[in-house]
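Peer 1: Chain B: place on chain A using the hints.
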Amino acid sequence: MRLGITLVLGLAATASLAPAPALADTYFVTVAGLGGEPDYEQSFRMVAGELDHVLQGAGHRVYTLSGESATRSRLTRTLREVAGLAGVDDDFVLTLIGHGSFDGFEYKLNLVGPDISAGELAALCNHIRSKRQLIVDTTSASGGSVAVLERRGRAVIAATKSGTERNATVFARYWADALQDPTADLDKNDAISALEAFRYAAAKTAAFYATQKRLATEHAVFEDAGRAMPVREASTEAGEGRLIANFTLVRLRPAAGEGTPDVKRASAPADAAKRALLARKERLEQRIDVLKYQRAALPPDEYKREITEALVELAKVQEALDR
Amino acid sequence: MSVGVLASVIVLGGVLATSVATAASPAAGASARASGAAAAGAPEADRAAIAPERCAALHKRGRRPEAHACYERLILQAGSAPRVVGTYWRAEGEWALGDYGAANRDFRDAVAGADAEPARPPAGAPSPRAVYRVRWGLLLHERFNDSEAVDLFNEARAREPKYAPAYLALARVSADGFDNRAIEWTRKALEIDPRLTAAHELLASLALEDSDPALAAREADAALAIAPDEALDALAVHASIELLADRPPDRWFERMGALNASYGEGYALAAHQLILAMRYTQGVAYYRKALATDPELWSARSDLGINLLRLGDEAGARAELVRCYDAGYRSPETVNTLRLIDTLSRFVTIREPGIILKLDEQEAPLLRPYFLEQLNRDIADYDRKYHMKLPGPVRVEVYPNHEDFAVRTLGVPGLGALGVTFGEVVAMDSPSGRKPGDFHWASTLRHEMSHVYILTATNHRVPRWFTEGLAVHEETQASPEWGDPMTPDIVAALRDHKLLPVADLDRGFVRPSYPGQVQVSYFEAGRVCDFIQSRWGVEKLNAMVHAYALRKTTREVIAQTLSLTPEAFDQQFQAWLYASVGTTVGNLPAWHAALAELARLAHAGRNDAVIGKGDAVIRLYPDYVYDDNAYELLADAYLARENRPKAIEVLRRYEHAGGRSPQLLEKLAGLEQDAGDSAAAAATLERINLIDPAFDQAEHRKLGDLWLAQKNYAGAIREYQAVLAFHPLDQASARLDLARAYLAAGERNAAEDSVLAALEAAPDYRPAQKLLLELEGKKP
Numbered sequence: 003m004r005l006g007i008t009l010v011l012g013l014a015a016t017a018s019l020a021p022a023p024a025l026a027d028t029y030f031v032t033v034a035g036l037g038g039e040p041d042y043e044q045s046f047r048m049v050a051g052e053l054d055h056v057l058q059g060a061g062h063r064v065y066t067l068s069g070e071s072a073t074r075s076r077l078t079r080t081l082r083e084v085a086g087l088a089g090v091d092d093d094f095v096l097t098l099i100g101h102g103s104f105d106g107f108e109y110k111l112n113l114v115g116p117d118i119s120a121g122e123l124a125a126l127c128n129h130i131r132s133k134r135q136l137i138v139d140t141t142s143a144s145g146g147s148v149a150v151l152e153r154r155g156r157a158v159i160a161a162t163k164s165g166t167e168r169n170a171t172v173f174a175r176y177w178a179d180a181l182q183d184p185t186a187d188l189d190k191n192d193a194i195s196a197l198e199a200f201r202y203a204a205a206k207t208a209a210f211y212a213t214q215k216r217l218a219t220e221h222a223v224f225e226d227a228g229r230a231m232p233v234r235e236a237s238t239e240a241g242e243g244r245l246i247a248n249f250t251l252v253r254l255r256p257a258a259g260e261g262t263p264d265v266k267r268a269s270a271p272a273d274a275a276k277r278a279l280l281a282r283k284e285r286l287e288q289r290i291d292v293l294k295y296q297r298a299a300l301p302p303d304e305y306k307r308e309i310t311e312a313l314v315e316l317a318k319v320q321e322a323l324d325r
Numbered sequence: 088m089s090v091g092v093l094a095s096v097i098v099l100g101g102v103l104a105t106s107v108a109t110a111a112s113p114a115a116g117a118s119a120r121a122s123g124a125a126a127a128g129a130p131e132a133d134r135a136a137i138a139p140e141r142c143a144a145l146h147k148r149g150r151r152p153e154a155h156a157c158y159e160r161l162i163l164q165a166g167s168a169p170r171v172v173g174t175y176w177r178a179e180g181e182w183a184l185g186d187y188g189a190a191n192r193d194f195r196d197a198v199a200g201a202d203a204e205p206a207r208p209p210a211g212a213p214s215p216r217a218v219y220r221v222r223w224g225l226l227l228h229e230r231f232n233d234s235e236a237v238d239l240f241n242e243a244r245a246r247e248p249k250y251a252p253a254y255l256a257l258a259r260v261s262a263d264g265f266d267n268r269a270i271e272w273t274r275k276a277l278e279i280d281p282r283l284t285a286a287h288e289l290l291a292s293l294a295l296e297d298s299d300p301a302l303a304a305r306e307a308d309a310a311l312a313i314a315p316d317e318a319l320d321a322l323a324v325h326a327s328i329e330l331l332a333d334r335p336p337d338r339w340f341e342r343m344g345a346l347n348a349s350y351g352e353g354y355a356l357a358a359h360q361l362i363l364a365m366r367y368t369q370g371v372a373y374y375r376k377a378l379a380t381d382p383e384l385w386s387a388r389s390d391l392g393i394n395l396l397r398l399g400d401e402a403g404a405r406a407e408l409v410r411c412y413d414a415g416y417r418s419p420e421t422v423n424t425l426r427l428i429d430t431l432s433r434f435v436t437i438r439e440p441g442i443i444l445k446l447d448e449q450e451a452p453l454l455r456p457y458f459l460e461q462l463n464r465d466i467a468d469y470d471r472k473y474h475m476k477l478p479g480p481v482r483v484e485v486y487p488n489h490e491d492f493a494v495r496t497l498g499v500p501g502l503g504a505l506g507v508t509f510g511e512v513v514a515m516d517s518p519s520g521r522k523p524g525d526f527h528w529a530s531t532l533r534h535e536m537s538h539v540y541i542l543t544a545t546n547h548r549v550p551r552w553f554t555e556g557l558a559v560h561e562e563t564q565a566s567p568e569w570g571d572p573m574t575p576d577i578v579a580a581l582r583d584h585k586l587l588p589v590a591d592l593d594r595g596f597v598r599p600s601y602p603g604q605v606q607v608s609y610f611e612a613g614r615v616c617d618f619i620q621s622r623w624g625v626e627k628l629n630a631m632v633h634a635y636a637l638r639k640t641t642r643e644v645i646a647q648t649l650s651l652t653p654e655a656f657d658q659q660f661q662a663w664l665y666a667s668v669g670t671t672v673g674n675l676p677a678w679h680a681a682l683a684e685l686a687r688l689a690h691a692g693r694n695d696a697v698i699g700k701g702d703a704v705i706r707l708y709p710d711y712v713y714d715d716n717a718y719e720l721l722a723d724a725y726l727a728r729e730n731r732p733k734a735i736e737v738l739r740r741y742e743h744a745g746g747r748s749p750q751l752l753e754k755l756a757g758l759e760q761d762a763g764d765s766a767a768a769a770a771t772l773e774r775i776n777l778i779d780p781a782f783d784q785a786e787h788r789k790l791g792d793l794w795l796a797q798k799n800y801a802g803a804i805r806e807y808q809a810v811l812a813f814h815p816l817d818q819a820s821a822r823l824d825l826a827r828a829y830l831a832a833g834e835r836n837a838a839e840d841s842v843l844a845a846l847e848a849a850p851d852y853r854p855a856q857k858l859l860l861e862l863e864g865k866k867p
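Top to bottom, those sequences are chains A and B.
With the working numbering as the guide, the letters of the first sequence map in order to residues 3 to 325.
With the working numbering as the guide, the letters of the second sequence map in order to residues 88 to 867.
The shape of chain A in the complex, shown without the other chains (with noise of 0.2 Å):
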């Protein structure tokens, strides 16, 4: 059974809490800024508000600030909310949804009131305990954020490849269709991690652009290995998007007695062959990554040697488990 708590911070913000877990927890903080005009305003809200409405059917922890609510002081005060109950073990994921400005030094995103600089908002994020942390900033000349926001363990997915691409995006609408769009599920593991989910809005990006015929002015990329370097796609040899391909965002189906590790934690069952078999899994399922991210280090035969046996293996024991 599922508790929701409504906490009503302003007109459209809300946020809701499911009961305190056991385990870890995400915190999704959305915030969509000041539109300008009706056509972005709109916009905006409806993309935050879709969001609001995905991550809270997932049970996570979400606040959601948009229209009147998303001023620099009710951001203050809910970042500061999230660091006194946000553990090391949660995740915590900051969304920005509007217009963002860079004036060649700093990255501002456009509030109701005065603007938050991207100084500020790390500065915020900084007093967050999660060890893993994500921020998407799906704003005009997001790029420009990339190297004040990311850090070691945060990760950043920007829309923009600099604070130079300043038209409006569209990215932010594809990363909310990710999350609802079970073909974003590159891995079949009925979840969407942050990589998948980067993807799949850049993927869709980009074709929107080639459909319309119009010169691409947003190129998503993403920060996650410490580096101050963004990238677009995740590379095994620099281990890129590591933190990001683990990065669960949401699940599209409830978890049943097995799936990802945190979930798996919650409701293993008591039957003993069984955990030895979920233990298994993940470790093979550990052993697979490793493999993967470690394919231009090894001879191509013996990768393909050890991939197939972690595979096939993999595969008998999920068959074991579904018997």
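Accuracy of the hints is not assured; some may be wrong.
Unchecked claim - If the Cβ cut is set under 10 Å, some of the chain A residues that face chain B in the computed set are: (1) R201; (2) E287; (3) K318.
Claimed, not checked - The calculated label-pair distances, taken between Cβ atoms and stated as ranges, are: (4) A:G241 <-> B:T436: 32 to 38 Å; (5) A:V292 <-> B:A831: 32 to 38 Å; (6) A:T185 <-> B:D702: 40 to 46 Å; (7) B:A796 <-> A:H129: 54 to 60 Å; (8) A:K276 <-> B:K857: 15 to 21 Å; (9) B:G763 <-> A:Q288: 45 to 51 Å; (10) A:G241 <-> B:Y187: 54 to 60 Å; (11) B:G673 <-> A:P184: 53 to 59 Å; (12) A:A299 <-> B:S566: 50 to 56 Å.
These aren't lab readings, by the way, just hints derived from the structure by calculation.
Just so you know, even glycine gets a beta-carbon here, dropped at the ideal spot from N, CA and C.
Peer 2: For chain B alone, kept in the frame of chain A given last:
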């Protein structure tokens, strides 16, 4: 040489000046009457000095060192001449010595000076205002700036309407662009000055381009009668006539060589004619002769490079073009072709027996199977039909960027064609090079492959109309849905009785006289071949191929194979053609109005009215399958009324009429599948592959599923591989589909590789895990 001698040469005046066709630069190619006229425009005292035409005459006779010294002296003496004349002389000297920038500046100053001076030339002499403009324009033409050159020629014409070299200069620019006005301008020049040797020579060359060797010979003779020791191009035209007729050209080249041992232009002219006759290897040999005679003939070297590329010799082409570039000869054709060679280096090369397929590396995974399948089919069909094997592999290059293809063909962008054949090399647009549905690539490929066979079978001795006609004919032999349905422009041309007599049909390709005539000529040539096959049988077409190989003319071939005069043939052909298309031709005005009305009704949502009138509009012009066609409007109306069977019926008629909109065909496939007709749905989706395989990733998956269900495993494998060529985000599903198709086809190892690849992308993908275990369980 004393000044007195020089003066006497100049006093020889008109004839010498007229006959020295090329002035400062061998490639300039204009009448040197201009120079004489310039001298005429100078004060009497200056006539004792050396003048440009003297230097040009030395150059024309191959006395290069003396010509060089002459031009140097010309520049030196310019300082002591009156300002405007001196500037003009300097410009001529600089041009000849290769200082084009300085020449351009001095020509500009000379023209400005001539415009400012009130002095009138002696009676009968042309105005320096016209002369300088033509000379300046010829410099610009030589240095690849035709637009400003034409402006200058027209200005010259405006200032001096009876100045023949201005018209000749316009003719040269038009001739280089295969513009029909070349003949018009040349005739105008001759009307003004019948003794303009260079105009006769140009007309001779143009006549030969138009496959009229008799006229070419007459004009060349006219030039030689005026200037027997100067008309080098006339000699080259005679040599070309012999070459094209497979007779030895030696005596003409020997005469040319005796007059000017370093006249490479003559060999280049012959090479140009051979290339136009599609005899590329021989053309390349003559470009080499041109360069052996004059290694600094950069235009010939550039043409050599371009034609080496046409023969598939990338390395040779690059070497020649780089030499041109490094020597400062940077014509658009040279630079564009060098860039193209760089692009080609990024193509992948697929070799199969008898085939070298070059595809853009991005497109290769998708296009490869479709192109190989069609190529193998075409080769098998033509081998059987013509009882022959190609002597070597055919090389097919497929360009995703249409302008690259245009450069490949002409050296410059802006070509309207879809494909072109150079012997055993075919270059064509990729489906992605055009708007989806704009063309049927498989039909285009079959067309070009027909050329490969016909050129080989006739040793390149075939008129353009016949090889094009056969190629168009072959398209619809492969499938009645292939080929290009009659466009409204063709219907209008038929209405206006614009078809050419069969004996003159080449003109419609080489030098069209109205916009769209090339397309009309393709249509006509194709229908001529259709007519011959339908009236006399396919063996007569083959007999014509053999007759052309024996160097017969069209008149002889028609008489020999069909026992008709060309005139009688034309009569019978047109009666046959108009019997089949006459109704559409007569309906054209009514169809325009009816289609507009139908579109209006459709736009207004009056579906019942569209359904009531749609069929009648289609009947007026059933071939019209292009934008906003009646089939689409009618099918949409039926769909709005939820009458799917009728919508399917209308869209199938569209499909059979040669409709090639991928969107409409995809819609039809969906309706057929929904109606439970999986076989028809698969066949419709296959048609899209022959039009635009890159149209839609989902279409390939759907077709893969249909083929798998219909046990066409090879087809399913090809389609699932096509899905992967799109680099889908969802690799796991795509690879699992492929694994299933492989397994169904009995290819267990490939199935295992594919399912492992699916699991590598998605280790927990249950359906893939199950298939993997199934495969593991079946291992011995």
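Peer 1: Hints first: check each against the structure and report whether it holds.
Peer 2: Hint-by-hint comparison with the structure:
no. : hint                          : result
1   : R201                          : holds, 6 Å
2   : E287                          : holds, 6 Å
3   : K318                          : holds, 7 Å
4   : A:G241 <-> B:T436: 32 to 38 Å : holds, 36 Å
5   : A:V292 <-> B:A831: 32 to 38 Å : holds, 34 Å
6   : A:T185 <-> B:D702: 40 to 46 Å : holds, 42 Å
7   : B:A796 <-> A:H129: 54 to 60 Å : holds, 59 Å
8   : A:K276 <-> B:K857: 15 to 21 Å : holds, 19 Å
9   : B:G763 <-> A:Q288: 45 to 51 Å : holds, 48 Å
10  : A:G241 <-> B:Y187: 54 to 60 Å : holds, 58 Å
11  : B:G673 <-> A:P184: 53 to 59 Å : holds, 58 Å
12  : A:A299 <-> B:S566: 50 to 56 Å : holds, 53 Å
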